[in-house]
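Chains A, B and C, in that order, give the protein sequences.
So for the first sequence, the numbering used here puts the first residue at 1; every next one is plus one.
So for the second sequence, the numbering used here puts the first residue at 1; every next one is plus one.
So for the third sequence, the numbering used here puts the first residue at 1; every next one is plus one.
One should not assume that every hint holds.
Unchecked claim - Mimicking DMTMM-like on lysine to aspartate or glutamate, the simulated pairs with C-alpha atoms at most 20 Å apart in a straight line are:
hint, chain 1, residue 1, chain 2, residue 2
1, B, LYS68, B, ASP79
2, C, LYS21, A, GLU23
3, C, LYS21, C, ASP107
4, C, LYS49, C, ASP107
5, C, LYS67, A, GLU23
6, C, LYS48, C, ASP61
7, A, LYS131, C, ASP61
8, C, LYS21, C, GLU35
9, B, LYS108, C, ASP59
10, C, LYS49, C, GLU110
11, B, LYS106, A, GLU132
12, A, LYS131, C, ASP59
13, C, LYS21, C, GLU110
14, B, LYS108, C, GLU110
15, C, LYS27, C, GLU101
16, A, LYS131, B, ASP79
17, B, LYS108, A, GLU23
18, B, LYS14, B, GLU66
19, C, LYS58, A, GLU132
20, C, LYS27, A, GLU23
To be verified - Coverage of chain B stretches by chain A, computed from C-beta distances (three or more under 8 Å per stretch; other residues unrestricted):
hint, segment
21, 80-93
22, 111-122
I should point out that these hints are in silico values taken from the structure, not numbers from a laboratory.
Note that the Cβ used here is the ideal one computed from N, Cα and C, for glycine as well.
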Amino acid sequence: MNTLVLLHILLGFMIIGSLVTVEIRNMLSAVISVGAVGFALSIMFLFLGAPDIAITQVIVEILSLILLIRSTINVDNMAIEKRGEHVLSNRATLIFIGIILAFAWFSFHSLRPFGYPSMRVSQFYLNQGLKEVGATNFVTSVILDFRAYDTLGEAMVLFTSISGAFAILRRWKREQHKDFLRIDREH
Amino acid sequence: MKENRKSGMTFIVKMITNIMIGFMIVFGGYIVLFGHITPGGGFPGGVMIALAYILVTLAYGRNIVERKVSGITASVVDDLGALTFWFIGIIGLCVGGEFLYNFLGKGKPFHIFSAGTIILNNIAITLKVGMSLYAIFLALAILGRVVTDKNERKDEQ
Amino acid sequence: MTLYFLNFVLFIIGLYALVAKRHIVKKILGVSIMEYSVNLFLILIGFKKSGVAPILMKDMDLSTFIKTAVDPLPQALVLTSIVIGLGTLALMVAMAIRIYERYGTFDMHEINRLRG
Numbered sequence: 001m002n003t004l005v006l007l008h009i010l011l012g013f014m015i016i017g018s019l020v021t022v023e024i025r026n027m028l029s030a031v032i033s034v035g036a037v038g039f040a041l042s043i044m045f046l047f048l049g050a051p052d053i054a055i056t057q058v059i060v061e062i063l064s065l066i067l068l069i070r071s072t073i074n075v076d077n078m079a080i081e082k083r084g085e086h087v088l089s090n091r092a093t094l095i096f097i098g099i100i101l102a103f104a105w106f107s108f109h110s111l112r113p114f115g116y117p118s119m120r121v122s123q124f125y126l127n128q129g130l131k132e133v134g135a136t137n138f139v140t141s142v143i144l145d146f147r148a149y150d151t152l153g154e155a156m157v158l159f160t161s162i163s164g165a166f167a168i169l170r171r172w173k174r175e176q177h178k179d180f181l182r183i184d185r186e187h
Numbered sequence: 001m002k003e004n005r006k007s008g009m010t011f012i013v014k015m016i017t018n019i020m021i022g023f024m025i026v027f028g029g030y031i032v033l034f035g036h037i038t039p040g041g042g043f044p045g046g047v048m049i050a051l052a053y054i055l056v057t058l059a060y061g062r063n064i065v066e067r068k069v070s071g072i073t074a075s076v077v078d079d080l081g082a083l084t085f086w087f088i089g090i091i092g093l094c095v096g097g098e099f100l101y102n103f104l105g106k107g108k109p110f111h112i113f114s115a116g117t118i119i120l121n122n123i124a125i126t127l128k129v130g131m132s133l134y135a136i137f138l139a140l141a142i143l144g145r146v147v148t149d150k151n152e153r154k155d156e157q
Numbered sequence: 001m002t003l004y005f006l007n008f009v010l011f012i013i014g015l016y017a018l019v020a021k022r023h024i025v026k027k028i029l030g031v032s033i034m035e036y037s038v039n040l041f042l043i044l045i046g047f048k049k050s051g052v053a054p055i056l057m058k059d060m061d062l063s064t065f066i067k068t069a070v071d072p073l074p075q076a077l078v079l080t081s082i083v084i085g086l087g088t089l090a091l092m093v094a095m096a097i098r099i100y101e102r103y104g105t106f107d108m109h110e111i112n113r114l115r116g
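Generate the whole structure from the sequences, applying the supplied hints.
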């Protein structure tokens, strides 16, 4: 089977999964179907020659599903979404999406065709990687040697987002916290 | 031990967690340590180790786990990981004249002690990513409980 | 070319969920769908026809490997951006929980009405 056909099928599956995510009314089903989209994405990464990212995508997907389900989904608010505007009922949205897609279709023709990347920067990494770094996984040698400064910055971005989340969560009063802990112990 | 049995999920989940937790941590360590030879590295290994802790938290309830690794310990280890990465960069600056210079020997390819500082950087990133995600999960788990409690209280009134 | 276009359709679906949906968790899911689409686009640009993964195995010849390997640079960028996406997801979930505690609902219209 041709790889290209397989990629198209997987991408179609992802589009259907994300449409289900957007339109379904039960929130638990929406979260689970976005998980299905993420797993299809990891299979696509595997076929596109990126096993590193496939592993990372699977694990991160599991963790984000746990975060979303554990912290936002309760029995009460699971089906809170009321029947509102449908995609097809809103004409302005449809026209807007159509215009964007038409422009995208024309502008993608100016890109390089699929399968022929411009390796202007990374040809150097591929040529010199084994000689200068000695790692046989070239992705790791790009992350942690050629572009380690980028990685340091991105670790700082992760730190900033996590500490922002802490700052949002830490605002609760102390006596309230004790109260909840007491309830917790009684259970 | 009595409160251990009460909190958390059922007995089956706890038994499976007991069996699987070692495998998960060993596989995460393998992914980290062989990140420069095979697919993997600090980022997926760190998330996998965070997932191992999260599995224990979900199975046994968070009071049991917080006694072993509290949120503050997780934050401190997280900062230690970031500082280690920075410190390796500073050593490179002192030795080789460039920030994050690869000051260790390259070694033979396909060998675990090859590629110089990459293995140290991988371990630092593992500590950073894993412990920060575990800490944020602990904070969110406490707050998820708060939301549920409020709803229950509303129902009682 | 069709792969790029379908990928852009995926991005538009995420954007629609972010803009038009009322439920906050659905907005978060829309952001994560957009993130999938952007990551996939970077990897698609770096793909080489009949290419191999940029990981050297013991039985490979180095010169043919250099000619056939796919682009490692977008993969390195995407690898970090996935984990950062998890951090921002945690940030958004924390904000959603705060809003739920304050207003008692996840519905954006309801929240706007309550704020008056």
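Cross-check of the supplied hints:
1. For the hint pairing LYS68(B) with ASP79(B), the CA-to-CA distance comes to about 18 Å; that is within 20 Å, so the pair holds.
2. With a CA separation close to 9 Å, the supplied pair LYS21(C) and GLU23(A) stays within the 20 Å bound.
3. The straight-line distance between the Cα atoms of LYS21(C) and ASP107(C) is roughly 9 Å, inside the 20 Å bound, and the hint therefore holds.
4. Distance restraint check for LYS49(C) and ASP107(C): the Cα-Cα separation of roughly 46 Å exceeds the 20 Å cut-off, and the hinted pair is therefore not satisfied.
5. Simply put, LYS67(C) and GLU23(A) have alpha-carbon atoms about 45 Å apart, too far for the 20 Å limit, and the pair is violated.
6. In summary, the hint linking LYS48(C) to ASP61(C) is supported, as the alpha carbons are separated by about 18 Å, within the 20 Å threshold.
7. The hinted pair formed by LYS131(A) and ASP61(C) meets the criterion: a straight-line CA distance of about 15 Å does not exceed 20 Å.
8. With a C-alpha separation of about 17 Å, the suggested pair LYS21(C) and GLU35(C) falls inside the 20 Å cut-off, and the hint holds.
9. Among the hinted pairs, LYS108(B) with ASP59(C) is consistent with the structure: their alpha-carbon atoms are about 15 Å apart, no more than 20 Å.
10. Proposed proximity of LYS49(C) and GLU110(C) is contradicted: the alpha carbons are some 51 Å apart, above 20 Å.
11. For the suggested pair LYS106(B) and GLU132(A), the alpha carbons sit about 8 Å apart, so the restraint of at most 20 Å is met.
12. Straight-line distance between C-alpha atoms of LYS131(A) and ASP59(C) comes to about 18 Å, which keeps the hinted pair within the 20 Å bound.
13. Using a Cα cut-off of 20 Å, the hinted pair LYS21(C) and GLU110(C) holds, with the two alpha carbons roughly 13 Å apart.
14. Taken as a hint, the LYS108(B) and GLU110(C) pair is broken in the structure, with Cα atoms around 63 Å apart against an allowance of 20 Å.
15. With a C-alpha separation of about 18 Å, the suggested pairing of LYS27(C) with GLU101(C) holds against the 20 Å cut-off.
16. A distance of roughly 33 Å separates the Cα atoms of LYS131(A) and ASP79(B); the hinted pair therefore is violated under the 20 Å criterion.
17. Note on LYS108(B) and GLU23(A): the hinted pairing is violated, with a Cα-Cα distance of about 54 Å set against a maximum of 20 Å.
18. Of the supplied pair hints, the one linking LYS14(B) and GLU66(B) holds, its CA atoms being roughly 17 Å apart against a limit of 20 Å.
19. The straight-line distance between the Cα atoms of LYS58(C) and GLU132(A) is roughly 18 Å, inside the 20 Å bound, and the hint therefore holds.
20. Proximity of LYS27(C) to GLU23(A) is assessed by CA-CA distance (about 12 Å); at most 20 Å being required, the pair is judged to hold.
21. Note: the segment 80-93 of chain B has 4 residues with beta-carbon separation from chain A under 8 Å; the three-residue rule is met and the coverage holds.
22. Check on the segment 111-122 of chain B: 7 of its residues sit with their Cβ under 8 Å from a Cβ of chain A, so the three-residue criterion for coverage holds.
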